[in-house]
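J.: Please take these sequences and the hints and turn them into a complete structure.
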Amino acid sequence: MAAIDQSKIRNFCIVAHIDHGKSTLADRIIEQTGLLTSREMQAQVLDNMELERERGITIKAQTVRIIYNAKDGNEYIFNLIDTPGHVDFNYEVSRSLAACDGAILVVDAAQGIEAQTLANVYLALDHDLDVFPVINKIDLPSADPERVRNEIEDVIGIEAQDAPLISAKNGIGIEEVLEAVVEKIPAPGGSPDNPLQALIFDSVYDSYKGVIVFCRIMEGRVSKGTSIRMMATNATAEVVEVGYFGAGQFIPCEELSAGMVGYLTASIKNVKDTAVGDTITDVSRPCAEPLPGYKKVNSMVFCGMYPADGAKYPDLRDALEKLQLNDASLHYEPETSIALGFGFRCGFLGLLHLEIIQERLEREYNLDLVTTAPGVIYRVHKTDGEMIELTNPSNLPDPAQIEFMEEPVVSAEIMVTTEFIGSIMQLCQERRGRYISTEYIEASRALLKYELPLNEIIYDFFDALKSRSRGYASFDYELKGYEESKLVKLDILINHDEVDALSFIVHADSAYERGRRMCEKLKDEIPRHLFEIPIQAAVGGKIIARETVKAMRKDVLAKCYGGDITRKKKLLEKQKEGKKRMRQVGNVEIPQSAFMSVLKLDDK
Amino acid sequence: MRELSIYIHIPFCVRKCLYCDFLSFPVSEERDAGKIESYVNLLKREIEEQAVRYRDHRVISVFWGGGTPSLLKTEAIAGIMETLYGSYHMAADAEITIEANPGTVTPDRMQGYITAGINRISIGLQSADDEELARIGRIHDYRMFLETYGLARAAGFRNINIDLMAALPGQSVASYRNTLERAAALEPEHISAYSLILEEGTHLYERQEDYRFPTEEEDRQMYLLTEAYLSSRGYHRYEISNYALDGYECRHNKVYWQRGDYVGFGLGAASMAGNVRWSNPADFGAYEAYIAGMRHGDVRTVCHEERQEYKEETGSFQEQQILTKKEQMEEFMFLGLRLMCGVSRTEFAAQFGWQIEDVYGDVLSRLYRQELLVRASDRIRLTARGIDVSNYVMAEFLLDP
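Quick mapping for you: the protein sequence lines, in order, are chains B and C.
Residues in the first sequence are numbered consecutively from 1345, following the working numbering.
Residues in the second sequence are numbered consecutively from 92, following the working numbering.
Hint data in this document are derived by calculation from the structure and do not stem from the laboratory.
Keep in mind that a hint or two might mislead.
[What the hints assert, rightly or not] Beyond 12 Å from chain C on every Cβ pair, some chain B residues (computed): (1) 1548; (2) 1631; (3) 1728; (4) 1731; (5) 1797; (6) 1803; (7) 1905; (8) 1908; (9) 1916; (10) 1931.
[What the hints assert, rightly or not] Reference listing, derived: stretches of chain C covered by chain B, where coverage requires no fewer than 3 residues with Cβ under 8 Å from a Cβ of chain B: (11) 157-164; (12) 194-206; (13) 229-243; (14) 370-383; (15) 469-480; (16) 483-491.
[To be verified] Quick list of simulated restraints, FRET-style, between CB atoms: (17) B:1860 <-> C:300: 47 to 53 Å; (18) B:1887 <-> C:268: 56 to 62 Å; (19) B:1899 <-> C:440: 55 to 61 Å; (20) B:1864 <-> C:309: 21 to 27 Å; (21) C:300 <-> B:1864: 21 to 27 Å; (22) C:106 <-> B:1910: 24 to 30 Å; (23) C:289 <-> B:1551: 51 to 57 Å; (24) B:1708 <-> C:288: 39 to 45 Å.
Predicted model only: the values in this text are computed from it and were never measured.
Beta carbons: idealized from backbone N, C-alpha and C, even for Gly.
T.: Take a look at the structure:
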């Protein structure tokens, strides 16, 4: 194979706010460069998972190599790295960006700049990427490209006068974008003769090849037989295969050298050995330093996951094991609950990540799950000086042993049109937000900055934000650190028995309100029994709210005649079937949905 | 000789009541005379053709239900009764009931029933409050009911049932009490009192927002009042919704709950004999084809599984279900427990070859402990509390597959 001219390589990504058309543009680029015919294209090639297509978001980074014959008569190799599009995956995004030399910024011609646009473009600029904007959806009636051009220049401060005006959906202006990639994105640096230094930006598990590592070669070269070492995890392996990315397939090649983006396999059994952000080097000729930016990824959100049918516990374990092969950020460990039996405490990057895993378990592994309320990691400082990282509320030590507690806090940026500033500020106040600043982007839009406790935003903050701004607010956040906070454990007692799976940690000031709403919700969820069932919320043994499920006093099917017997039996069967889907706590049957009801306290 | 009960279905009425989901169609006596007549002929043919299957049975009860059987001309009823007497072994003391609705019975018809051998009449009153009656779409008022009741007595009926309903839209506990009092004052031999159940597809179900139904507490009070009041008037409750003076329990209904053999004739009629349940086609055309294809006792039934494909082809097969032993035991329990006398342990052992405790030991001891069931020598029955939550109790007797 002919040597690849490093100056004809372009490594880039596309950054955008959700729904601004990032994946559609990626598809058009792939289509236009002739890698696939449009018939072969399923809508949005790069969003592989069924779930990704459904939700219209990218969960895992995808990468594709394409050949472009530019107007200057040269053939260019484009490596398009599609990055995840959600705040939960910010670290993955940052590593994908680090594998690029430039980025296309897609801005919606009607909506203009949104919170994620800013967050992502700043992230790209932080990585010294050359960013050029394109204005998408110019065929929309509400498109206002001139306004958006000015906005990009004023707010982000990058040149936008010659930004291509495109419609990715209708294939307008794609050629212009491809030419801009050649012109505006620099060729990769580095030298093939230096010691190997390659950045891992993703990996997937393949049952035949083992882990397939996605990497960008910064310096040096790697080929079959190279002994490599992952510098952070210290894992070593011998390379079996190197190659580049076709559309949806891996194409082996002789060698990867500085400037190239590709994959390698080395019979690695576990994605944990190939952490995103780690540096690969050559064992026999190591580089002096790893690449900057590596972080160990920690779970931010935890919840309990239990099989609805206790006998499916081994199935759930196998399913989690398999998912983890591909997702190093998924953590789980076995736990037991008095109410729910055997299950797992699972850790996630964020609520979206949690939902995705939950949906995949239910769809791909056909499991019926009971999920407990998600929580964050609290730091519990005990009187004896010990500090515990608490992921399961049930494990909170006795209050007498607690000196103080800390909770994670995030810095949040909310982009909102001015008419909704009031209601969004009120929402942030309700969620214990600390106001930082308001910056006006233009006369009608502002960027609100708040610091918010993470546990206040993991359930339904995004939904509340959308509903209070009629869908106009956008939101982005990053973890700021831990702060001391007055936290208590709210326990729920059903028929005087504490139900461990319903306990959660809450700020002392909102304990009463949350307890009250929780009791109301459970009252609706729990069916009547033969006896009266008190539902109580308690903090430290003190009852703060109470509701009662009245006893079932009459449940008679009055009429039953000869022709009715089959039907009557069906009714009884339905009644009995309903009971099967319940969890027995003491002598109370609790429907599985009740365990998730805490998630929906803001429904009203 | 095995005992047999016969049900005869008349799927016609003057107007559909707003709560009714029975297989019944509004007809005009004059305009639809031909349709009614041809139905009666089919019915007669079915009864005749089937007789051969029940040669070794003795008929202990006949029940004319509907719809409104009292819509039929006396001659039609007399004709079918003749067929019955001609082709079946009728017990001398057979209980023969006809359902009658006020506003459809003339003195001649009433006399005709007696002449035809009918000895029990069930009159649908539902409520003594005219507004309540109008609200549920009944075609009569309270005065018309009194008239019908008087005619029945005058014609010589010595066994009369009055049907009542609780939990009607707009009904109060006081008005329900008034209905009970008025019904009992007439001293019928039997009173059935049901709570209204909103069945899907009925007007009341679809338009329930438009009505004010009694609250749960009112509903419960009416329910408790029924037992308390009727027992004070000498009626004993022998089944969840049925009350009778001594010696007047309805034999026909008890057959359903004690799983005796019964055969239903007519459109959509249900039957059970031995371990088989079946029902006739519920569509007029299919029913007609089914009768036409019938040859002396040849009931071309097919098993449940095959039913779909055959039905499409000929439109003339009956629906049939062969009950497994498990299903029979379940029915034994949830039907038998409807009766206040409960189920017999020796009877269970005789029918199934197992002690009841071998099958239901855990369930029984739990329900005894919850004081929902009680055992007195051979019989197991619901307690007062058990009656109130009988659905809960009965569901416990369904066995896992």
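J.: Run every hint past the structure and note whether it holds.
T.: Here is how each hint holds up against the structure:
{"no.": "1", "hint": "1548", "result": "holds (43 Å)"}
{"no.": "2", "hint": "1631", "result": "holds (65 Å)"}
{"no.": "3", "hint": "1728", "result": "holds (48 Å)"}
{"no.": "4", "hint": "1731", "result": "holds (49 Å)"}
{"no.": "5", "hint": "1797", "result": "holds (43 Å)"}
{"no.": "6", "hint": "1803", "result": "holds (33 Å)"}
{"no.": "7", "hint": "1905", "result": "violated (6 Å)"}
{"no.": "8", "hint": "1908", "result": "violated (8 Å)"}
{"no.": "9", "hint": "1916", "result": "violated (4 Å)"}
{"no.": "10", "hint": "1931", "result": "violated (10 Å)"}
{"no.": "11", "hint": "157-164", "result": "violated (count 0)"}
{"no.": "12", "hint": "194-206", "result": "violated (count 0)"}
{"no.": "13", "hint": "229-243", "result": "violated (count 0)"}
{"no.": "14", "hint": "370-383", "result": "violated (count 1)"}
{"no.": "15", "hint": "469-480", "result": "holds (count 3)"}
{"no.": "16", "hint": "483-491", "result": "holds (count 5)"}
{"no.": "17", "hint": "B:1860 <-> C:300: 47 to 53 Å", "result": "violated (30 Å)"}
{"no.": "18", "hint": "B:1887 <-> C:268: 56 to 62 Å", "result": "violated (42 Å)"}
{"no.": "19", "hint": "B:1899 <-> C:440: 55 to 61 Å", "result": "violated (30 Å)"}
{"no.": "20", "hint": "B:1864 <-> C:309: 21 to 27 Å", "result": "holds (25 Å)"}
{"no.": "21", "hint": "C:300 <-> B:1864: 21 to 27 Å", "result": "holds (24 Å)"}
{"no.": "22", "hint": "C:106 <-> B:1910: 24 to 30 Å", "result": "holds (28 Å)"}
{"no.": "23", "hint": "C:289 <-> B:1551: 51 to 57 Å", "result": "holds (56 Å)"}
{"no.": "24", "hint": "B:1708 <-> C:288: 39 to 45 Å", "result": "holds (43 Å)"}
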